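Okay, here's what each chain looks like letter by letter:
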Amino acid sequence: MPLSRSAPTQPPPTDPPPASSPSQSTSSSSSSSSSSSSSTVFVPALATTRADEELLARRLVPPRRPGRWVSAAVALVLAAMLVHTIVANPRFEWGIVRQYFVAASIIHGLELTLWLTAAVMICGYALGIALACMRLSGNPILRGFAFLYVWLFRSVPPLVQLLFWYELASFYPKLSVGIPFGPAFGTANTAHLFSGEFAAFVALSLDVAAFSAEIVRGGILSVDPGQSEAAQALGLGRWRTFRRVVLPQAMPAIVPASGNMLIGTLKATSLVSVIAVVDLLYAVQLIYNANFEVIPLLLVATAWYLLLTTVLSIGQYYVERHYSRGTKRRPAARTLRQITRANLPLFPPGTAGSVNGIGGL
Amino acid sequence: MTAATTRMPAGATLLRIRGLRKSFGQQTVLHGIDLDVPQGSVTVLLGPSGSGKSTLLRCINHLEKPDAGFVELDGAVIGYRRGRRHLHELPAREVTRQRASVGMVFQQFNLFPHLTVLENLVEAPIAHRLATKAQAADTARELLARVGLAGREGAYPLQLSGGQQQRVAIARALALRPRLLLFDEPTSALDPELVGEVLGVIKDLAADGMTMIVVTHEIGFAREAADHAVFLDAGRIVESGPPADVLSAPKHERTRAFLDAVL
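Here the protein sequences come in this chain order: L and X.
Per numbering that gives the first Met the number 0, the first sequence starts with residue 0, numbered consecutively.
Per numbering that gives the first Met the number 0, the second sequence starts with residue 0, numbered consecutively.
By construction, these hints were calculated from the structure, which means they are not laboratory data.
Given the structure is predicted, the values throughout are model-derived calculations rather than measurements.
Every residue, glycine too, gets a C-beta built ideally from N, C-alpha and C.
Keep in mind that a hint or two might mislead.
[Claimed, not checked] Sample of chain L residues at the chain X side, in silico, Cβ under 7 Å:
#1 Ala-232
#2 Gly-234
#3 Leu-235
#4 Arg-237
#5 Arg-239
#6 Pro-247
#7 Gln-248
#8 Ala-252
#9 Ala-256
Turn these sequences into a full structure, and let the hints steer you where they fit.
Here you go:
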């Protein structure tokens with residue numbers, strides 16, 4: 000328990016030096032004044048006074064941080080209160096939560112949530128990568144088109160888009176494939192084509208495409224231009240340069256933002272409940288509309304979203320680690336303890352300094 | 000180095016540059032450059048920063064497209080096809096093929112940091128289908144031994160010192176067996192104590208008869224290893240000739256001023 004170990008044993012910096020460390024003073028002064036036997040150096044010896052000896056004998060004491068301990072205590076008490084109220088309040092009805100957690104209709108809803116998320120992410124990113132390439136191309140028309148697309152679809156709320164695509168049949172009753180402004184080869188009834196699920200897929204994919212285009216473009220721009228120059232000088236083609244040189248180095252910038260995007264999309268699929276597509280949330284709503292156990296059933300959905308997000312976050316950690324190859328001077332096989340310390344910010348390595356900025360209390 | 004100084008710069012002209020012009024917007028960087036580089040010779044390009052040395056080098060492998068004039072390597076115009084009346088720019092794929100015969104080494108090394116040393120070296124030969132993976136790896140190990148880095152093929156570039164990285168970059172450029180090697184200030188980003196190891200590798204290559212064009216500020220290296228020194232100022236070649244003449248008895252006042260400032 001580092002909490003109890005570090006504080007009381009350390010005297011404030013104004014205390015007189017502890018008299019119990021003569022060995023420390025002799026060892027440090029000897030190592031600084033006389034050279035070690037293994038390598039000879041040619042440096043004139045500098046005088047060490049009694050005052051120096053006395054300073055050398057002192058222990059280095061980090062500043063005390065009472066604010067840290069107080070804020071930590073407050074946070075712990077608040078956390079304990081939160082856990083207690085959630086567990087102890089009978090109105091959360093944990094028994095009902097357990098009962099419905101793996102109910103068949105909820106698992107069906109969960110499946111729809113999962114495949115809709117996967118389909119939206121895959122198609123959205125495919126379109127997003129294409130848009131990013133258009134934004135970075137030399138063709139001003141394509142650049143302008145991609146810019147307008149991103150501007151439009153980032154501006155319209157996904158819920159509005161969802162309703163728009165769902166209602167497409169009311170202003171385009173028929174859709175045809177054919178020559179632009181010419182004859183049509185085939186015509187379909189819009190209302191049949193745009194079921195709730197398909198409308199949800201289209202709306203969310205177009206939304207993801209707009210955001211992912213910016214994520215991918217930012218990642219590509221973060222790669223040093225010298226890299227593609229070197230690839231060109233080696234006579235690598237444009238596609239190979241992109242695939243083997245630029246993209247792998249853009250990934251460290253793309254992956255964290257895409258992890259956010261994925262988790263956001265997972266939750267955004269819950270919007271489809273407004274157009275009566277039975278996803279996880281709507282499956283839950285169908286049940287609580289019948290039995291009025293609103294909060295326990297929302298907790299069921301929440302628990303599933305938490306679980307899925309946790310799995311995705313762990314996956315993201317491994318993907319990030321894969322793409323950080325070669326970025327460290329020393330290849331580090333980190334222990335589980337080090338990984339935990341780096342990711343749980345409570346007691347970061349080097350507690351006093353909180354080197355990583357967000358660590359500490 | 001004795002081999003380098005006694006070697007005759009004779010031989011057929013490998014690279015011919017005529018009337019090369021290049022502007023960036025309003026600013027003209029190269030005002031009509033003419034240059035011949037014989038097979039097996041070492042040419043150093045000297046000059047103050049902004050004089051156009053790097054742009055000239057980058058025009059040679061078509062990283063920059065010239066506005067006028069041409070670069071001819073062994074009779075083939077770089078980046079263009081001779082039409083009946085015009086020079087037509089080649090499609091990217093053809094330029095890619097031409098670049099395989101011109102290696103380039105950059106000031107900032109530009110190794111691929113996400114690939115190991117070996118992967119850096121085999122990427123281009125495999126892409127050009129010059130070798131199978133196994134053959135390319137064997138060649139890469141030979142090249143690493145040649146630049147004094149045998150056994151480091153598994154390291155990532157950032158785990159190496161600057162001098163080692165630059166030697167890997169030289170080996171990577173050699174992996175395509177180029178006819179010509181271009182060096183863009185290969186030692187300017189290095190700590191002073193690491194400069195020697197890189198220059199040593201370049202001198203060894205010169206002794207082996209590799210044709211090279213080196214942009215550098217290392218006057219000592221130019222004296223020792225070069226057959227031909229070219230001094231650029233404001234986009235023009237103002238003086239060229241054997242290094243002994245250009246560097247020890249400069250005729251042009253700009254060359255004199257530059258050498259006074261550098262030495």
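Checked hints:
At a threshold of 7 Å, the smallest CB-CB gap from Ala-232 of chain L to chain X is about 4 Å, leaving the interface hint in force. For Gly-234 of chain L, the interface hint holds, since its Cβ comes within 7 Å of a Cβ in chain X; the closest pair sits about 4 Å apart. At about 5 Å, the closest approach between the beta carbon of Leu-235 of chain L and any beta carbon in chain X falls short of 7 Å, and the interface hint on this residue holds. Taking 7 Å as the C-beta contact cut-off toward chain X, the hint placing Arg-237 of chain L at the interface holds, the least distance being around 6 Å.
Interface hint at Arg-239 of chain L: satisfied, since its Cβ lies 6 Å from the closest Cβ of chain X, which is below the 7 Å cut-off. Checking Pro-247 of chain L against chain X: minimum C-beta separation of about 5 Å stays under 7 Å; hint holds. For Gln-248 of chain L, the interface hint holds, the least distance from its beta-carbon to any beta-carbon of chain X being 6 Å, beneath 7 Å. Annotation: interface hint on Ala-252 of chain L violated; nearest CB of chain X at approximately 13 Å, more than 7 Å.
Residue-level restraint check for Ala-256 of chain L is violated (minimum Cβ-Cβ distance to chain X is 19 Å; threshold 7 Å).
Of the hints listed earlier, those the structure fails to meet are numbers 8, 9, in rising order.
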